[in-house]
Every structure is written in C-alpha cells, then in structure tokens.
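**Q** On the provided structure of chain A, position chain B as indicated by the hints.
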Amino acid sequence: MRPERPPLLFAFLAAIGVAFVVLPLVGLLSRAPWETALSDLGTPEAATALRLSFVVSLAATALALVLGVPLAWVYARVQFRGRDVVRALTTLPMILPPVVGGVALLFAFGRRGLFGPALDAIGIHLPFTTAGAVLAATFVAMPFLVLTVEAGLRSMDRRYEDAARTLGAGRWLVFRRVTLPLIAPSVFAGAVLCWARALGEFGATITFAGNLPGTTQTLPLAVYIALETRPEVAIALSLVLLGLALAILVVMRDRYLRAF
Amino acid sequence: MLKAQVAVRLGNFDLDVAVEAAADEIVAVLGPNGAGKSTFLRALSGLVALDRGRIDLDDVVLEDASRGIRVPPERRPMGVVFQDYLLFPHLSAIENVAFGLRARGVTAREARDRAGSWLDRLGVGGHAEAKPRALSGGQAQRVALARALAIDPRVLLLDEPLAALDASARGTVRRDLRRHLASFAGVRIIVTHDPLEAVALADRLVILESGRIVQAGSPAEVTQRPRSRYVADLVGVNLFRGIATTGHLALPGGAVIHSADPVDGEIFATIHPRAVALHRSRPEGSPRNVWHGRASALDFQGDRVRVGVEGEMRIVAEVTPSAVSDLGLAEGGEVWVSVKATEISVYPA
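Here the protein sequences come in this chain order: A and B.
Okay, so the first sequence: first residue is 139 according to the working numbering, each after it adds one.
Okay, so the second sequence: first residue is 4 according to the working numbering, each after it adds one.
Chain A with its partners taken away, still in its complex shape:
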C-alpha cells in the first residue's frame, strides 16, 4: 500500500499541535536543576508534600475501589428507574471544574455545611484535615474507576458467572472467585487512572481541605506555592509528577493487550 501523504495544511497544523504539547515539556526540562534536583526533593517541604501526596492519593484510590467497584457492578447489572440520571450525577466530577467540586464539598461537609454539624457531633472533622484531602481527591477521581470497571463488567462474558452458579457458588462467591478475577485488568486500569487523577488533584483540595503543609498540602499545591518562593523545588516536584505520568502512560499502553 502506498503511504498516505497528508495535505500540506494538515501537516502544518498537526506539527503545531505536537509542538504545542511538547514545547512546555521542553521548557520544564530545560530549566531542570539536574545537579540539585535530588537535594531539592530532600528539602523538608518537598519531602513532606511527596509523602502526603502518596498517602492521600493511595487512600483515595482505596476508598474509590471500596465504593466504586460495587457502584460499577450496580450500574452494569441492575436495572432500576433513574439509573442513567444517577450515573450522570456520579460521573459529573470528571468534567466539573474541581474548584466547584471543592465549594460543593465545603457546603456539604464543611463546618457550616449541610451535614457539617452532624459530622461534628460524632467527632468527624473533614475541612482542613488529611481526611478532607482524601475526600476531595476521591470525589474527583472515583468516576474514572467507576466508568472503567463498569465497561469491564459489561464486556465480560457473563456465562462464566452462570457456569459458577451451576457449580454451587452463591452470588458473593461468584463475584469474588469469577467476576473479579475476570475484570481484574479493568479494575487495575481504573485504579491507575483514579490514582493518577487523585495525585494531580488541586482545585477541590485547596478549596475544601486548604493548603496546610504536612496535612493537606499535596504535591500540586506544593508546586504552586514553591513557584513563588523556591522555583527550583517547584521544578523538581514537577519532574516527579511528570515522571509518574509517563510511567502511568507506559503501564496503560498494555491495557488492551492484557488478557489471560
């Protein structure tokens, strides 16, 4: 087959498109203080933000798994009135500006929010706590997991579940021993996407949980703050996030090739 030659206009615009994405990365890398990067990451504020970010994003991913996998199962398997509306609502945080999500969380679970006093009464304080940061990250990141797992559930061959039933497995056992292993690639992919989104979360976190070093100041917040005072630390932290993003890209590349 003769390779297709693009029209000149398309080639030109496509090249601009590539440059548009690549140039900022080049800019970041050109300013990278390679010799001091390690020591920059070792500074207390950078180290604290790194540690906190991992804790928050992993906790958010765990919470999203616990709530999101059953939610995806319900969406994929249960017919109920208003399912599409409910699904749309739980997908909303994916496209909602995160700041709006943060404001919404504040007015729901904040000290003066709708449910704040009730939570206060039972000793749960979310705003400006690490738990609040986890909540904010879960809020924006969970839809990625739910949608991915739901797609996995819909595309799996349900006859395997039938086979398991006839062998004597009740519904819970079928889910644990057959469904979950069969959709494991989707759960993994969903968890990775969710974790990546949680790691990068900024708007909802700063609005709802604030920017307290060691408590709610995650990597993106630390980068933003450091840019004013210590740009080299901001660049070093940015490189960490860029590296993670690249790693995730490599991991996800295999996603559709992964099978039993």
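Keep in mind that the hints are not guaranteed to be accurate.
Said to hold, decoys possible - Short derived list, chain B residues pointing at chain A, Cβ under 7 Å: (1) F16; (2) E77; (3) V83; (4) S95.
Hints in this document: simulated from the structure, not taken from any laboratory.
From a predicted model like this one, the values you see are computed outputs, not experimental measurements.
Beta carbons: idealized from backbone N, C-alpha and C, even for Gly.
**A** Here is chain B on its own, set in the frame of chain A:
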C-alpha cells in the same frame, strides 16, 4: 426421574415444552438454532426463571411457578457442560474442577484430591496445571465434563458438547463422551443441533422447533416416521453403526455396506432415504449395495412415501406415490433395495 414443564417468555420468543427424562436413558433435545434449546437447559438449571410450569426431580420440587417455589441454580443437583465449555480462564484445569467442591465447603486439600482423580478418570490428569487456553478442544471438553461430574450431580446437562470441536476431533471425542455418559447414573440431557450427534448419543429424541416440541421418540421411530418435513430433513436419514475395513462396513446384524470411502475402524454411515431405490426384482447394473427384504411400513406424506424395509437390512426409502403403485408395494410385500456406494456418507464413530 426429571419432569419438566417449562414455559418461558423472552421478548418475542416463547418456549413451552414438557419433557420427562428417566435416569436410565439419554435424551437429546434436537432443533435448529433459535429453537429454544439453550433456553430450555438454562431453565432446567435455574438460570432462567419459569413464567409457568414446574420442574420436579424425583420427589423434590425444584421450581413451581404457580406456587412461587424456586430453588436457585447453586442448590440444584445439576451438572452442566456449557457450549464452549466456559472453563474459567484464570484457573487451571484442576482448579476449575475443584471449584464446585470448594463452593460446597469441601476443604482445599480434599477438593484438589478429588478434582485430580476426576481428571485422571477422564484421561486428562496430565493437564491438571494447564490453563484452559493451553488445552485442545477435546481436552477442554473433558475438563468441563469432569467439572460438571465432580459435584456429584443427579442430572447431567450438556449444551452442544461437540460443537466447539473441529471435525477431525469430533469422532474420538464423541466416542469417549458416549462412554462417560454411559457410566453416569442419573438423568442425562443433551442439547444439540446436529442430528448425527443426537442419534449417536441418545436413546430418545425430543425435537424442538420455534419453542415447541414437534416430535419425540426413539431415533428409529423418528427416522421411520418423521411427522413433518422439517423432522424428515433433520433426522430422517438411515444411520448405521459398524466396523469398516477398507470401505466394507460390517453391521452388527451381519449385513455389509459397500462405501466409496476406503475407511477403517468404527464408523457411522448415513444413507438418505431419497438415495434408496426400490425394485420388484433383483436389480441389474452397477449398484454395489443390493439387499432383499419386505416392506414393513408405508408412510404417506403428501407427495412422498417413506417405505420401511426389513430383512437382512433395516432401511427407510423415500419414493413417490406413483412409484409405490408401479411397484405394487403393500405392507409385508417383497422388495429389493439398492444404494449406490457414492450415496453413503461415512463418519468415524
């Protein structure tokens, strides 16, 4: 004894059949794609709820739509071999077979031991640790059969057990399957679209068309008196089983069929009734297969007559009514039968 009155409505399709199966027989439910065969099996195993009807196994009611009784699939004593076998792809062969035992609370160790001996019994003990994707079609079928039998069911249901195999493997697997079915003491129901498979494996045929039973009976009965054009086309063929030596097929009764196929070993031979010619006296000429007998049954079906012939050879011929009068055929009358060697289809048994 399994008694099933099954009425299920799925969208535009509705299935309404009554089937009884005793423990000492093998029943084949035969019909074209979309006739409702798989739905029937799914209803028996409890994967589809009955809209009407009931299912009784001996004295136990498994389902009764009018009384709202419904034993869930995991508590029915039924082993199912599914179409495509559906071995769990993430588990090894032995884990697949142990699955049902584990689900029933058998300890991991004992489940593994019992699963291993089932694999041995079915001749696939050497593949215990293999994942299903590494098994051939025939091996996968045996593992699936072991998995269904390991839970010690009282009913064995098989959905198109040979359809996933390529033609070369089918003969051997069918023979083994027959042996394993014979050694299972319980109700056995096979669902298939392949008449040869049904006749080869079953003692009784139930023929399903568009969700209804159109005929039921022994393979011989159905072959001799198919009650509709459809059944005649589907199963109305002469089927013989015997031993072949370079194209000479020796049948158990002593008769010999000459085939154009130089095959050897245990075989099935089919001859379409339209290929069977009838004569008043011994025919001259080329046909290799000539037998003498008596017309045992004349079954008029519009523009065709099916003539059953008994004698050295039991065979059914399909001729026109005018041929019947030309030959002066009557029940009990003498007749010569001829079949060209090229009209005989041979399959390994």
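**Q** Which of the stated hints cannot be reconciled with the structure, identified by number in ascending sequence?
**A** Of the numbered hints given earlier, those the structure breaks are 1, 4, listed in rising order.
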